[in-house]
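Colleague: Assemble the whole structure, with the sequences as input and the hints as a guide.
Add 14 to the 1-based position in the sequence shown for our numbering, that's all there is to it.
No wet-lab data here; the hints were simulated from the structure.
For every residue, glycine included, the Cβ atom is placed at its ideal position computed from N, Cα and C.
Be aware that one or more of the hints could be misleading.
Claimed, not checked - Simulated crosslink set (PhoX-like; lysine-lysine; CA at most 25 Å straight-line): (1) K117 - K83; (2) K83 - K71; (3) K91 - K117; (4) K117 - K71; (5) K71 - K91.
Said to hold, decoys possible - Derived Cβ-Cβ restraints for the label pairs, each shown as a range: (6) A57 - E111: 22 to 30 Å; (7) E94 - K117: 14 to 22 Å; (8) E79 - I125: 37 to 45 Å; (9) E123 - N78: 39 to 47 Å.
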Amino acid sequence: EEAVKESKAGKMSKMTTKLTVLLSLYLYVGNALPLICRSRGQAHSNGEVWAEGSFKKLCTVTGNEWSVKIIACLTLKDTEVGIGQTLNEGRRRYMCEDQGGGKVGMRYELI
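Modeller: What follows is the structure, encoded as structure tokens:
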């Protein structure tokens, strides 16, 4: 009976060691994986800038967090309009506006 207890204790110790190794490996690999930004199902790397609809966006990865920020608006001809700026293009005046709370909007009027 004593030998059975020692055998069970040995098996438990080996199982605990294996679980500890697996958990450590999972945490190491998980922390080593680079974070990416996701926008409309697409992956973007840190510092990447891309056009999406009427906006130009920037991916920023810091530590274990990521964010996508609108950095400019785009006209119908893909001309960049900075936030807070106005641009005349053809018969349209485009306005890229900071709407507060992290929102940016673009509107235009005929001129």
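Colleague: Evaluate each hint against the coordinates.
Modeller: Taking the hints in turn, this is what the structure says about them:
no.: 1; hint: K117 - K83; in the structure: 9 Å, holds
no.: 2; hint: K83 - K71; in the structure: 6 Å, holds
no.: 3; hint: K91 - K117; in the structure: 22 Å, holds
no.: 4; hint: K117 - K71; in the structure: 12 Å, holds
no.: 5; hint: K71 - K91; in the structure: 17 Å, holds
no.: 6; hint: A57 - E111: 22 to 30 Å; in the structure: 29 Å, holds
no.: 7; hint: E94 - K117: 14 to 22 Å; in the structure: 19 Å, holds
no.: 8; hint: E79 - I125: 37 to 45 Å; in the structure: 42 Å, holds
no.: 9; hint: E123 - N78: 39 to 47 Å; in the structure: 43 Å, holds
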